[in-house]
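Asker: The chain contents come next:
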Amino acid sequence: MRVMAQMSMIMNLDKCIGCHTCSVTCKQVWTNREGVEYAWFNNVETRPGIGYPRLYEDQDRWKGGWSRTSRGRLKLKSGGRISKLLHIFSNPDLPEIDDYYEPWTYDYDMLTKAPQGTQSPVARPKSLLTGKNMDIKWSGNWDDNLGGSQETAAADPILATMSEHVKMEFEETFMFYLPRICEHCLNPACVAACPSGAMYKREEDGIVLVDQDACRGWRMCVSACPYKKVYFNHKTGKAEKCTLCYPLIEQGKPTICSETCVGRLRYLGLMLYDADAVLAAASIENDHDLLEAQRSVFLDPFDPAVIAAAKAEGMADDWIEAAQNSPIYKMIADYKIALPLHPEYRTMPMVWYIPPLSPVVDVISSTNSDGEDARTLFAAIDKLRIPVEYLAGLFSAGDVAPVESSLRKLAAMRSYMRDINLGRQPDERIPARVGMTGTTIQEMYRLLAIAKYEDRYVIPKAHVETARELEELGCSLDTDGGPGMGGPGENAKGPYGKTPGMPLNATVDNYNEMRGGPTTPSSPGRMNLLGWNGKGAVDGMFPPAAPAGATE
Amino acid sequence: MSALTFLLWVAYPYAAAGVFIAGHVLRYRYDQFGWTSRSSQTYENRLLRWASPMFHYGILMVAGGHLVGLFVPKQWLAFFGVTEQIYHLGATGLGSFAAALTVAGLGILLYRRRFVDRVRMATTPMDVVMYVLLTGAIGFGTIATVAYQVVGGGYDYRESISPWIRSLVFFQPDPSLMAGVPLFFQLHILTATTLFLLWPFTRLVHVFSAPVGYLVRPYIVYRSRDAHRGTGARQPRRGWAGSQLPTRSSDRRP
Ligand code: HEM
Ligand code: SF4
Ligand code: SF4
Numbered sequence: 001m002r003v004m005a006q007m008s009m010i011m012n013l014d015k016c017i018g019c020h021t022c023s024v025t026c027k028q029v030w031t032n033r034e035g036v037e038y039a040w041f042n043n044v045e046t047r048p049g050i051g052y053p054r055l056y057e058d059q060d061r062w063k064g065g066w067s068r069t070s071r072g073r074l075k076l077k078s079g080g081r082i083s084k085l086l087h088i089f090s091n092p093d094l095p096e097i098d099d100y101y102e103p104w105t106y107d108y109d110m111l112t113k114a115p116q117g118t119q120s121p122v123a124r125p126k127s128l129l130t131g132k133n134m135d136i137k138w139s140g141n142w143d144d145n146l147g148g149s150q151e152t153a154a155a156d157p158i159l160a161t162m163s164e165h166v167k168m169e170f171e172e173t174f175m176f177y178l179p180r181i182c183e184h185c186l187n188p189a190c191v192a193a194c195p196s197g198a199m200y201k202r203e204e205d206g207i208v209l210v211d212q213d214a215c216r217g218w219r220m221c222v223s224a225c226p227y228k229k230v231y232f233n234h235k236t237g238k239a240e241k242c243t244l245c246y247p248l249i250e251q252g253k254p255t256i257c258s259e260t261c262v263g264r265l266r267y268l269g270l271m272l273y274d275a276d277a278v279l280a281a282a283s284i285e286n287d288h289d290l291l292e293a294q295r296s297v298f299l300d301p302f303d304p305a306v307i308a309a310a311k312a313e314g315m316a317d318d319w320i321e322a323a324q325n326s327p328i329y330k331m332i333a334d335y336k337i338a339l340p341l342h343p344e345y346r347t348m349p350m351v352w353y354i355p356p357l358s359p360v361v362d363v364i365s366s367t368n369s370d371g372e373d374a375r376t377l378f379a380a381i382d383k384l385r386i387p388v389e390y391l392a393g394l395f396s397a398g399d400v401a402p403v404e405s406s407l408r409k410l411a412a413m414r415s416y417m418r419d420i421n422l423g424r425q426p427d428e429r430i431p432a433r434v435g436m437t438g439t440t441i442q443e444m445y446r447l448l449a450i451a452k453y454e455d456r457y458v459i460p461k462a463h464v465e466t467a468r469e470l471e472e473l474g475c476s477l478d479t480d481g482g483p484g485m486g487g488p489g490e491n492a493k494g495p496y497g498k499t500p501g502m503p504l505n506a507t508v509d510n511y512n513e514m515r516g517g518p519t520t521p522s523s524p525g526r527m528n529l530l531g532w533n534g535k536g537a538v539d540g541m542f543p544p545a546a547p548a549g550a551t552e
Numbered sequence: 001m002s003a004l005t006f007l008l009w010v011a012y013p014y015a016a017a018g019v020f021i022a023g024h025v026l027r028y029r030y031d032q033f034g035w036t037s038r039s040s041q042t043y044e045n046r047l048l049r050w051a052s053p054m055f056h057y058g059i060l061m062v063a064g065g066h067l068v069g070l071f072v073p074k075q076w077l078a079f080f081g082v083t084e085q086i087y088h089l090g091a092t093g094l095g096s097f098a099a100a101l102t103v104a105g106l107g108i109l110l111y112r113r114r115f116v117d118r119v120r121m122a123t124t125p126m127d128v129v130m131y132v133l134l135t136g137a138i139g140f141g142t143i144a145t146v147a148y149q150v151v152g153g154g155y156d157y158r159e160s161i162s163p164w165i166r167s168l169v170f171f172q173p174d175p176s177l178m179a180g181v182p183l184f185f186q187l188h189i190l191t192a193t194t195l196f197l198l199w200p201f202t203r204l205v206h207v208f209s210a211p212v213g214y215l216v217r218p219y220i221v222y223r224s225r226d227a228h229r230g231t232g233a234r235q236p237r238r239g240w241a242g243s244q245l246p247t248r249s250s251d252r253r254p
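Protein chains in written order, with full-length UniProt numbering: chain R, 1 to 552; chain S, 1 to 254.
It is worth saying that the hints were derived from the structure and are not from the lab. Some hints here could point you the wrong way.
[What the hints assert, rightly or not] Quick list of the computed label-pair ranges, beta carbon to beta carbon: (1) S:L215 - R:A401: 38 to 44 Å; (2) R:G147 - S:V128: 40 to 46 Å; (3) S:D117 - R:P121: 23 to 29 Å; (4) S:I143 - R:G131: 36 to 42 Å; (5) R:M1 - S:L26: 44 to 50 Å; (6) S:V25 - R:G147: 51 to 57 Å.
[Stated by the list, open to error] Chain R side only, calculated, beta carbon under 10 Å to chain S, not exhaustive: (7) P92; (8) G131; (9) D211; (10) F232; (11) Y246; (12) A462.
Just so it is clear, CB atoms sit at the ideal spot from N, CA and C, and this is done for glycine as well.
Take these sequences, add in the hints, and give me the full structure.
Answerer: Now the structure itself:
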């Protein structure tokens, strides 16, 4: 047994209102730079829908993740080591930028600078890749709220696997949001596919990172990740990905997406697992057994043998304690309501989800039945094949049993707590029907519904006694290797173009560095307010003053 | 020996070799972040899918051919029973195939660089310089081969160019060997020398990070967060400040 700790996340999908705040704040922190305009380390997709990048779940096409050979060994779906090297000159499975979308901006200057005329000026979209006018045809969330889904959603790879055909007509459909970040997998396909060994999993907290100095731009990780959560920075020629905001995590603070989540639906905490057991669990034959196999890799942080082994590995006491208080452990192991996204990719993802009960409740409410009544809810979960099967396609490799069990627990919590909230005698038969007790239901309610900040985030600080001062961590975004380096800015016009050399800060994180003055405007003559330090007027902020003596 | 002969066939090659080596060492030490193939596949794939493998397989074969032709003395090959005739047939046959692949691939790559908007916009001045020299070297080499080997009677560079290169390698330069070499071979050599001179400052550095280590390393790489962070104050900024590579021995499997 080799005990390792994994910083993990759970999202409670019932609470997601699809506001994209998480995506926007993440973008402002990590990817508001040239070269990654099209990249969303956090994205929120409407399901059913085809996702971002388009149809990323279609592994017959993209060959992401692992597959199990007939001899029971795991192999990268895109091919073994030799085949990877033979295909290095052109990666056959690489998504093009159009599979994400062509990034663009608008010709805003036109709005203020157009000469007076009879027509109102318009700001035309301009491609950020070519600078030319373009037609916007797709984006990171083009099918948001099922917009245009009649045309696109039928291609959803999960719908395609379902036995019953779902009509994408307005009255007959269901919908929920799926926020996604990198899964920081226990068996990461991206790391395995990196020819130069630049990607790694941190021993301390399992965060998967790209060493920006060692990356040579072979772009194999991009295609190997089945969740398509490694992005190619086309300006620097290096891969970048979600960092789980490690500079914050190291200080015991939640990630930006969690901190700013409007629905307060994200949870962060440690999971202890047995690193020696991962490969065997990921190689199990039947896809439906993968969920149970992954659960079996997790270790009980209260088990004295586990604690002893963790200490022998050098894990600090406060980390073990954090693992014991972890909300993640409660939801995965105690209540068993959280499920992994696409366990069949065999990467052992570590961002798990509580499946949404809302598609079921919506149907009940639309028939004017009581959406909080336990019997109605249980019956609906049994009967409503379509949403349940769809959820199973996402969270349990198509096996409806775990999804049903999780939904029934949520339903039980809903109706049990209603009685309590209305001051009625709670019905103890309800928790019993889902194998729980009233007390655990109430605990679960506190964690899921009340969801206090300190219950949602149990993050032990990194131990830096041997390394360096914590106060300095605020700057780790701009040390070597962090994508927060900020790609080189407009004024990096060396002979190599925008790649090497002194980078210009472009992220809000490097705020301190900007005290001296705001960043270079992203287009000449304009100023980016996000980079403004609030002090004084800056070039480009106001139109040039009229020359003295000039009259209007 | 005239001053020009000395300059072209002794001084210049040595200067280029010096810059090539020192440039690589310096760039590897100080510009890890800029060391990349800078793939353009996400911009455009339809042409690249064919062009890049054609060009690369071609140029690697060409490079192999050059190694044999230039560095393996005629007598050694003869010892293994490779006669003049076999060598000529092999070199011209295989060489033409490799050259055709390379030239075709290069042609498409150049077309792409020039006419596909997204790729053109991402082309740096150094890329242009590199492509001019690369095309020059490959072009002159191809012309020389076609003119003297395929159409012409065959020119035995293994009696002149190869010993000249080896004379440079062993630090006993003999520029007189280059005196009678046909023009296009001379031009080929000079453009190639210039390419090598500028090599460390172009994207071609990616050649020296060809990831053969991938064949033997464990799939999942673990690294400790402390191992490559060092202690104390902030890391030096990128640019012309030293950057340390974490040791690869820490890529280990639990
Ligand atoms: C030895 C192993 C080599 C490897 C693994 C390798 C790999 C690569 C890769 C991955 C790319 C990026 C292709 C893309 O856009 O996606 C590339 C581009 C390129 N390579 Fe290589 N390469 C090698 C050797 C060479 C050699 C020997 C040369 C020429 C002397 C060369 C010249 C180029 C050029 C000119 C490009 C730019 C193509 C373009 O986008 O216009 N490479 N290489
Ligand atoms: S989800 Fe993250 S850790 Fe998993 S394979 Fe993709 S990039 Fe790697
Ligand atoms: S911020 Fe929270 S509620 Fe809003 S889309 Fe993101 S996950 Fe959903």
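Asker: Run every hint past the structure and note whether it holds.
Answerer: Hints and how they fare:
1. In this structure the supplied range 38 to 44 Å holds for S:L215 paired with R:A401, their Cβ-Cβ distance being about 42 Å.
2. In this structure the supplied range 40 to 46 Å holds for R:G147 paired with S:V128, their Cβ-Cβ distance being about 43 Å.
3. Hint check: S:D117 to R:P121, Cβ distance near 25 Å, so the stated range 23 to 29 Å holds.
4. As the Cβ distance of S:I143 to R:G131 is approximately 38 Å, the hint placing it in 36 to 42 Å holds.
5. For R:M1 and S:L26, the hinted distance range of 44 to 50 Å is satisfied, since their beta carbons lie about 47 Å from each other.
6. Restraint check, S:V25 to R:G147: a C-beta distance of roughly 55 Å satisfies the suggested window 51 to 57 Å.
7. At a threshold of 10 Å, the smallest CB-CB gap from R:P92 to chain S is about 7 Å, leaving the interface hint in force.
8. Satisfaction of the interface hint for R:G131 is found here, the shortest Cβ-Cβ separation to chain S being roughly 7 Å, below the 10 Å cut-off.
9. The interface hint given for R:D211 is met, as the beta carbon of that residue sits about 7 Å from the closest beta carbon of chain S, less than 10 Å.
10. Interface restraint check for R:F232: the shortest CB-CB distance to chain S comes to about 5 Å, inside 10 Å, so the restraint holds.
11. With a least beta-carbon distance of about 8 Å to chain S, the hint placing R:Y246 at the interface is held under the 10 Å criterion.
12. Taking 10 Å as the C-beta cut-off, the interface hint given for R:A462 holds, the closest approach to chain S being about 7 Å.
In summary, the structure agrees with every hint in the numbered list given earlier.
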